[in-house]
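*Asks:* Chain order of the listed sequences is D and G. For what it's worth, the numbering used here labels the leading residue of the first sequence as 1, then goes sequentially. For what it's worth, the numbering used here labels the leading residue of the second sequence as 1, then goes sequentially.
Since the hints were made in silico from the structure, they are not lab data. Every residue gets a Cβ at the ideal spot worked out from N, C-alpha and C, and that includes glycine. Among the hints, erroneous ones may be present.
Each computed BS3-like pair below joins lysine-lysine, with the alpha-carbon atoms no more than 25 Å apart [as the list claims (entries may be wrong)]:
| # | chain 1 | residue 1 | chain 2 | residue 2 |
| --- | --- | --- | --- | --- |
| 1 | G | 131 | D | 10 |
| 2 | D | 10 | G | 149 |
| 3 | D | 10 | G | 75 |
| 4 | G | 75 | G | 60 |
| 5 | G | 198 | G | 149 |
| 6 | G | 60 | G | 198 |
| 7 | G | 149 | G | 62 |
| 8 | G | 149 | G | 131 |
| 9 | G | 198 | G | 62 |
Selected chain D positions facing chain G (Cβ under 7 Å, derived; list incomplete) [to be verified]:
| # | residue |
| --- | --- |
| 10 | 3 |
| 11 | 87 |
| 12 | 222 |
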Amino acid sequence: MFDSFLALLKRDLLLALRRRSDIFTVLFFFIIVVSIFPLGISFEKAVLQKIAPGVVWVAALLASTLALERIFANDYADGTLEQMLLTPQPLSVLVFAKTLAHWLLTGLPLVLIAPLAGLQYHLSASTIGTLMLVLLIGTPILSMIGAIGAALTLGLRGGGILVSLLVLPLYIPVLVYGSGAIEAAMQGDVSLQPYYLLLLAFLLLALVFTPLATAASLRISVE
Amino acid sequence: MTLSVNQLQCSRGDICLFEGLTFELSAGQLIWLEGKNGSGKTTLLRSLCGLFLPDAGTIKWKGELTRSSEDTFYKDLFYLGHQNALKLDLNPVENLQVLSRLAGESVSEEQADEALSRFGLSGYEETPVRKLSQGQQRRVALSRLLLSKASLLILDEPFVALDAAAVELLQSVIVTQVEQGGMAILTTHQALPIPEEKLIRVSLDRYV
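The following block holds chain G by itself, in its conformation from the complex (with noise of 0.2 Å):
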């Protein structure tokens, strides 16, 4: 199970952010994503899920294009981008559920409730998202995370808007799907408790 990179060339407008980016990505490693603001971070996480066209380059799931092969790896793809993709008319259960439905897991009423609880939520299972803090919504769209079967995490930007607690809880919950033999991917500013030789740091500064 690998996720590998090659020669990946994207550019915004005239824009060349980054080109001839190679890495790889194995079953229990995690890549840290530094850059300054606009060195492509977002772009270069959206065009690994296929949600931005690179003007270069192969990215390889398995050993197969992702382009080609979009069934099987978005089964295993796990993508919180700044956006939570949450309705704010429904309540958090609600939200989960059909998020879980979109990506063809089934998730009952009393799963979510455990999600949501662990990220500091019960008690508000019924309250619609739009009547919660900007922290409590995020809460709730990373509390999918723990729904999720999914074996590679994309995460952009996941602590922002969080406070410390939630920060703590966040960190183990990604240290522990890696420990576990997954993957994941992330742009943050903050520091992750994770052993040095599963940690892979790619940085996009040196092309700007």
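This is chain D alone, in the form it adopts within the complex (with noise of 0.2 Å):
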């Protein structure tokens, strides 16, 4: 079992080593995102502080559905998708190698390039600590939710939009802690250890109840 979760992971980020465009296309979206609201509101350091937690925060969520996609739907279109169902191995593992190898891509890589989006917002060296530990816990949620909505419109026409309107809903209290976090850490006497512990419990409920669903919904899809 251990043995095949391993080796769906390395094929699938081999698979990005072979094709880089995949995982730069989400990475650029995000920073261009993020870069064009000083352009399109203010320069002003006190507005840009107000906004960066919003801003990084949004920004990172949009960035996390542009790949969604993807996710399955190359396993799908060759047929290694129903090879899948078709192994021995628990499928909700199978699922979850492939939301991790999702996550290594696309939601790592924006935790790494955060503290470039914070220098632009005038944050400070301890706020920009913060802002990366909450995408560090955050991001792996969006991944693994949008890996259900991912699942469940597999083969849809149109899919890609559809998927937004699906898991963005499901994005909110992510967002409403994970900004608030950084809102409390720019005031700085606000303790933080509340947004911590409710982001860390959004991700132990993702990382018992996802991989189950996505599996049900993939099966549904493939049928």
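From these two lone chains plus the hints, build me the complex, please.
*Replies:* Here it is as structure tokens:
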């Protein structure tokens, strides 16, 4: 079981390495969205600091939905997904491997590029630290919830837009607490622990339930 | 070791493809599934695998419903549909290794090379599948047959896109598997060189 998990994870990473453009589109989308807000609103330090948490998180949400369709679409098109359904391995384990690969390729780069966004918005070093940490906890949740949506809309025409409509409302809790944590970090005198604990609770819930839900959705979509 | 299908009914949309379909397949036998285009051959094969939900009827493997004992059933099952299930950016060896891992079997590079060379693909081990022709891609997908330990083969039009030599080779691979106590179900328009007593013909045409 673990062998199959690793084999699938390795395969997805290898495929992404051979087609690097897929990774960079998401990353550049995030950078561009974050960068055009100051152009449209104002370059004033106070205004930028005020909008930073929301803008960074909304950009992260949109960037993550951008890549969702691809999680299963290629495997569905070439028949690999059928083969995955027909293995003795639990489908949820394989689904988890695919979701993890997806996060490593689209979520983790956002976490790593976040300091650049922080600098554009005049955030202090400690706030940037918080920003990276909440993104690190939050982006896997986005990938896992998104995987359910991607599985449900598999094979539908216009699935790409539909999946955004499906999953964006589900992202709201992560958005609220994620940007809340950054705002609290900027005020300085508020404890951040509740934000971290709540986000981690979401992460644990997602870790337990989303692979099962995604596996069930995949079976429905393939039938 | 038997696969028994009882009173199976499948429909697509409002159209009933077949109903009351009953047959049994034991070790060392082969089912040749016949039917016109659109008669439901692929649907039948997919519902046998559990990829399609039949309206009614039961499918049992070794006396147990396949739906409730997926683990044991999928360990014995090898399915190849119209799609080759190959990743175009990987080379044939990598493809074979990943697919075998998923099926719970481990295949060394040498084993994969050997299977590929039996299907006439030596020299293409390092070429991305994207650069192979249709027929060659089909050969890569079929060379998994040589690596699989599954006893039940379900093949949907396996001979499509193959040249005469590959057709002959594939026929002999399937017949050998069946003669060694395996089972196979396939749809094809090619005749198979297999003794009449081992061959079961199932036709879907009477339902049209």
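*Asks:* Could you grab the alpha-carbon distance between residue 149 (chain G) and residue 131 (chain G) and see if it respects the 25 Å cut-off?
*Replies:* violated, 29 Å
*Asks:* Are the Cα positions of residue 75 (chain G) and residue 60 (chain G) separated by 25 Å at most?
*Replies:* Distance ~14 Å between residue 75 (chain G) and residue 60 (chain G) Cα, so the pair holds.
*Asks:* Does residue 10 (chain D) pair with residue 149 (chain G) here, judged by a C-alpha cut-off of 25 Å?
*Replies:* Holds: residue 10 (chain D) and residue 149 (chain G) sit about 24 Å apart, inside 25 Å.
*Asks:* Residue 198 (chain G) and residue 62 (chain G): Cα distance at most 25 Å?
*Replies:* Measuring from Cα to Cα gives roughly 19 Å; hence the hint holds.
*Asks:* Keeping to a limit of 25 Å between CA atoms, is the pair of residue 60 (chain G) and residue 198 (chain G) held or broken?
*Replies:* holds, 20 Å
*Asks:* Against chain G, with CB atoms and a cut of 7 Å, does the hint on residue 222 (chain D) hold up?
*Replies:* holds, 6 Å
*Asks:* Quick check on residue 87 (chain D) please, does its C-beta sit within 7 Å of some C-beta on chain G?
*Replies:* Given a least distance of 5 Å, the restraint on residue 87 (chain D) holds.
*Asks:* Please work out if residue 10 (chain D) and residue 75 (chain G) have their alpha carbons no farther apart than 25 Å.
*Replies:* holds, 23 Å
*Asks:* What's the verdict on residue 131 (chain G) and residue 10 (chain D), does the C-alpha distance respect the 25 Å limit or exceed it?
*Replies:* Within the cut-off at roughly 22 Å; holds.
*Asks:* Holds or violated: are the alpha carbons of residue 198 (chain G) and residue 149 (chain G) at most 25 Å from each other?
*Replies:* holds, 21 Å
*Asks:* Verify the interface restraint on residue 3 (chain D): the C-beta must sit less than 7 Å from at least one C-beta of chain G.
*Replies:* Holds, about 6 Å.
*Asks:* Decide if the proposed pair is consistent with the structure: residue 149 (chain G) and residue 62 (chain G), CA atoms, cutoff 25 Å inclusive.
*Replies:* It holds: about 17 Å lies between the C-alpha atoms, which stays within 25 Å.
The structure fails to meet hint 8 from the earlier list, while all remaining hints are met.
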